[in-house]
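A.B. asks: Next come the chains, spelled out residue by residue.
Protein chains: 2
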Amino acid sequence: MNDYIQPVELAKAYRLINHGPTTLVSAQHDGMENVMAASWVCALDYGPARLTVVLDKATFTRALIEQSGHFMIQVPIASQAPLVHHLGSQSFFSDKDKLARSGATLFHLPDVDAPLVSGCAAWLYCELIHEEHNQQAYDFFIGEIKAAWADTRIFRDGHWQFEHASSDWRSLHYIAGGHFYTTGEVLEVSDVPSDTPGAPQG
Amino acid sequence: MNDYIQPVELAKAYRLINHGPTTLVSAQHDGMENVMAASWVCALDYGPARLTVVLDKATFTRALIEQSGHFMIQVPIASQAPLVHHLGSQSFFSDKDKLARSGATLFHLPDVDAPLVSGCAAWLYCELIHEEHNQQAYDFFIGEIKAAWADTRIFRDGHWQFEHASSDWRSLHYIAGGHFYTTGEVLEVSDVPSDTPGAPQG
Chain A
1444 MNDYIQPVEL
1454 AKAYRLINHG
1464 PTTLVSAQHD
1474 GMENVMAASW
1484 VCALDYGPAR
1494 LTVVLDKATF
1504 TRALIEQSGH
1514 FMIQVPIASQ
1524 APLVHHLGSQ
1534 SFFSDKDKLA
1544 RSGATLFHLP
1554 DVDAPLVSGC
1564 AAWLYCELIH
1574 EEHNQQAYDF
1584 FIGEIKAAWA
1594 DTRIFRDGHW
1604 QFEHASSDWR
1614 SLHYIAGGHF
1624 YTTGEVLEVS
1634 DVPSDTPGAP
1644 QG
Chain B
1444 MNDYIQPVEL
1454 AKAYRLINHG
1464 PTTLVSAQHD
1474 GMENVMAASW
1484 VCALDYGPAR
1494 LTVVLDKATF
1504 TRALIEQSGH
1514 FMIQVPIASQ
1524 APLVHHLGSQ
1534 SFFSDKDKLA
1544 RSGATLFHLP
1554 DVDAPLVSGC
1564 AAWLYCELIH
1574 EEHNQQAYDF
1584 FIGEIKAAWA
1594 DTRIFRDGHW
1604 QFEHASSDWR
1614 SLHYIAGGHF
1624 YTTGEVLEVS
1634 DVPSDTPGAP
1644 QG
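Heads up: the sequence lines are chains A and B, in that order. Numbers given in the working numbering equal positions in the first sequence, counted from 1, plus 1443. Numbers given in the working numbering equal positions in the second sequence, counted from 1, plus 1443.
These are calculated hints, taken from the structure and not from any lab test. There may be inaccurate statements among the hints.
Which copy is meant is left open, so a pair is good if it fits within one copy or across any two.
EDC-like mimics (lysine to aspartate or glutamate), calculated; alpha carbons at most 20 Å apart, straight line [claimed, not checked]: (1) LYS1500 - ASP1488; (2) LYS1539 - ASP1611; (3) LYS1500 - ASP1538; (4) LYS1539 - ASP1499; (5) LYS1455 - ASP1582; (6) LYS1539 - ASP1582; (7) LYS1455 - ASP1499; (8) LYS1589 - ASP1540; (9) LYS1539 - GLU1631; (10) LYS1539 - ASP1473; (11) LYS1500 - GLU1628; (12) LYS1455 - GLU1631; (13) LYS1589 - ASP1538; (14) LYS1589 - ASP1556.
Only chain A is shown next, with the shape it has when bound in the complex:
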């Protein structure tokens, strides 16, 4: 782990995925590990910090998560788009060397039961909250975020810094057929006074 990678306060971990980036999901169990791409990842709560992810029954990564009870959500950057697309279009079940062929480099942290993909902008380490009905009926998984880290070159002081970095560092937003958009320009709106600052209202 290089010195740029620093912990993110759990109460602000949702900000790492609030803009809807395409993610990489990784997991390990019993000496096996895998990484897949997932667009259907979403924040669920600030405190306790939680997120959701949709994992098809046909994915090997899902099987690893069901067995280990842990997974990593990471936010890849524009320069990793070919890697993300490879990890999202190939399956371990049809290519046992998928991970090696993708070119992904993994690293590990003490007491963290999931591999981390090198070169990403952010990592959210999750413990599976077992909800069998959601998992079976909807392929829908809930994770409690136990730790989060970001590369301080692109996320620091609780905020993304896309506007201060090169375009290679932008996060990715997948549509279909190899077609991504990168995160674009910043747009600031003056805060309206609110009863509950920061909380969504309605």
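Start from chain A and add chain B according to the hints.
C.D. replies: Below, chain B without anything else, positioned relative to chain A:
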């Protein structure tokens, strides 16, 4: 409804939100209607087309959805950022004139039991799939997409056209504190041969 607004095939409706835009959620019941902003909206399935949304118990829009069983998810554009921020930071419960003050213009369609916000890029009309445990424990709602429409100036032939329109038409990705990013540049990656084209693998 102007001539630019055209139906989107349900199997491709997920593409309207796959890039993680901030949305507006609207609903109506018994002569009342409301609109709130929501970042925590995510695709759940292609077929049947489904999506998820997190709705805090403190929101009036949630109460309308629980009563009517229907809601509209819409994708606002950059020129609507002040409107989106207003609708996301004020609550009907503290300001009964919130909707009027926001400047939002609503319209209605026959046999559609939710109002539509004018000027957005896309609209997804959803029927609530009642899952009481998710709603109570996680503020988490599942909708089956019954119809979808998009403005053909920015979404046509099943694809977003951000790269061919002015920056005012970009969708929004909220972080916190009035800080949005707009959708950025297109990035194409050649398709890798896959067993299941289009489906996420792993």
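A.B. asks: If a hint holds in the structure, say so; if it does not, say that too.
C.D. replies: Going down the list of hints, with the structure as the test:
1. LYS1500 - ASP1488: between (25 Å within a copy, 13 Å between copies)
2. LYS1539 - ASP1611: Classified as neither; 30 Å inside a copy, 45 Å across copies.
3. LYS1500 - ASP1538: within (17 Å within a copy, 45 Å between copies)
4. LYS1539 - ASP1499: Within one copy only: 18 Å inside a chain, 43 Å across chains, cut-off 20 Å.
5. LYS1455 - ASP1582: between (26 Å within a copy, 19 Å between copies)
6. LYS1539 - ASP1582: neither (23 Å within a copy, 39 Å between copies)
7. LYS1455 - ASP1499: between (28 Å within a copy, 18 Å between copies)
8. LYS1589 - ASP1540: Close neither inside one copy (30 Å) nor across copies (40 Å); limit 20 Å.
9. LYS1539 - GLU1631: For LYS1539 and GLU1631, the Cα distance exceeds 20 Å both inside one copy (46 Å) and across copies (26 Å).
10. LYS1539 - ASP1473: within (16 Å within a copy, 57 Å between copies)
11. LYS1500 - GLU1628: Classified as neither: same-chain Cα gap 37 Å, cross-chain 33 Å, threshold 20 Å.
12. LYS1455 - GLU1631: Intra 19 Å, inter 31 Å, cutoff 20 Å: intra-copy only.
13. LYS1589 - ASP1538: neither (32 Å within a copy, 37 Å between copies)
14. LYS1589 - ASP1556: For LYS1589 and ASP1556, only the intra-copy Cα distance (11 Å) is at most 20 Å; the inter-copy one is 40 Å.
Of the numbered hints listed earlier, those contradicted by the structure are 2, 6, 8, 9, 11 and 13.
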